[in-house]
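Residue numbers (this note's numbering), protein chains in the order written: chain A, 1 to 147; chain B, 1 to 180.
Treat the hints as calculated values from the structure; they're not laboratory data. Treat the hints with care, as some may be off.
[Said to hold, decoys possible] Once the Cα atoms are required to be at most 27 Å apart in a straight line, the calculated DSSO-like pairs of lysine-lysine come out as:
| hint | chain 1 | residue 1 | chain 2 | residue 2 |
| --- | --- | --- | --- | --- |
| 1 | A | K124 | A | K145 |
| 2 | B | K9 | A | K78 |
| 3 | B | K36 | A | K78 |
As the structure is a computational prediction, the values presented were derived from the model and not from experiment.
Residue-level listing of the chains:
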Amino acid sequence: MASVIRAIFGYLFLILMVRVVGRRPGKQITPFEFILIFFLGGLTLTGMVGDEVSLSSAFCQIIAVACCHYAIVWLRTKSSRVARLLDGTPLLLLEQGQYRERTMQQMRVQNADLMAMARDQGMKTIEEIGTAVLERNGEISLIAKEK
Amino acid sequence: MAMTDVKTKPVEDLGHKVDDAISVGEDLDFQERWWKFENIVWSIFAVLLVMDFLGVFGRGVLAKAQASTPDGALLVKYERIERTLTPSVMRIYFQPNAAQGGTYKLYVSSSVVQELGNQRIAPEPQISAVGDGGYVYTFPALGQPASVSLSLEPASPGIYHFTLRVPGGQSLERTIVVVP
Chain A
1 MASVIRAIFG YLFLILMVRV VGRRPGKQIT PFEFILIFFL GGLTLTGMVG
51 DEVSLSSAFC QIIAVACCHY AIVWLRTKSS RVARLLDGTP LLLLEQGQYR
101 ERTMQQMRVQ NADLMAMARD QGMKTIEEIG TAVLERNGEI SLIAKEK
Chain B
1 MAMTDVKTKP VEDLGHKVDD AISVGEDLDF QERWWKFENI VWSIFAVLLV
51 MDFLGVFGRG VLAKAQASTP DGALLVKYER IERTLTPSVM RIYFQPNAAQ
101 GGTYKLYVSS SVVQELGNQR IAPEPQISAV GDGGYVYTFP ALGQPASVSL
151 SLEPASPGIY HFTLRVPGGQ SLERTIVVVP
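Next up, chain A with everything else stripped away, as it sits in the complex:
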């Protein structure tokens, strides 16, 4: 029982941590985020497992985390509030030729990130970007200015 509670707590705590650490722009995770993920996972594991290293304990913990995950995903589809809490909302970074400075600063997005995405989509200058949106999954969507 205690190991299952520890597993659920670990899972929920990791969700909070990942949500607070924030979205990073980019299609792929950087080496820094690799380190973060492995470290957070490994450290959580030590607390979750404790001295109960039996297969049955691991089995119950996996089932508990799976149920917890299913419940959260179900809640997210049923409630827009929960979805907003878990994923946030898309955020405009650039609109009508103007940067949203506060959003970029708070979300730790740099002009270089926008430019990298622009290059990725075949744009040559930042002026070609009409709208830039930081999506919920961390990707930046760019829409070219209408000519």
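Once you have looked at the hints, place chain B on chain A.
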């Protein structure tokens, strides 16, 4: 052939449109509140880290403690905050007035063995006796200084009291908090 009823609903726009071309669904009011929440969480994280460095959750300056029995026969150095399943050492120093006929005798309450998880006593006692809600260990006395170490490893979190004394002497009662 019977057709299955396929439920449909009208497509709804998410809200905020940019240049009448894209619907983003941005909610800046929510985002502002979230950023405030994030700042609070980071502040709490910082406070928790400082508390951890200081030993509020064990293994730090604030966790270390020492106390003596009122008759001065024993001095004990221990950690007032312990961590579950984490080893620590309770060191007990016998003062000169603790010697009784060439031996040092030590009474420890049963909580030291049961709740606080005493794993080992170094050096091993010559005689161990049970009763009076605890254990009495007898060690041959060679002289001063003299100390014994109890290796603790609490199995579960909680607030536990323990008692130490030289049999016939005055008791020392203290509390150890075991954090998860």
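To see whether the hints hold, each was checked on the structure:
{"no.": "1", "hint": "A:K124 x A:K145", "verdict": "holds, 12 Å"}
{"no.": "2", "hint": "B:K9 x A:K78", "verdict": "holds, 15 Å"}
{"no.": "3", "hint": "B:K36 x A:K78", "verdict": "holds, 26 Å"}
The earlier numbered hints are all upheld by this structure, with none contradicted.
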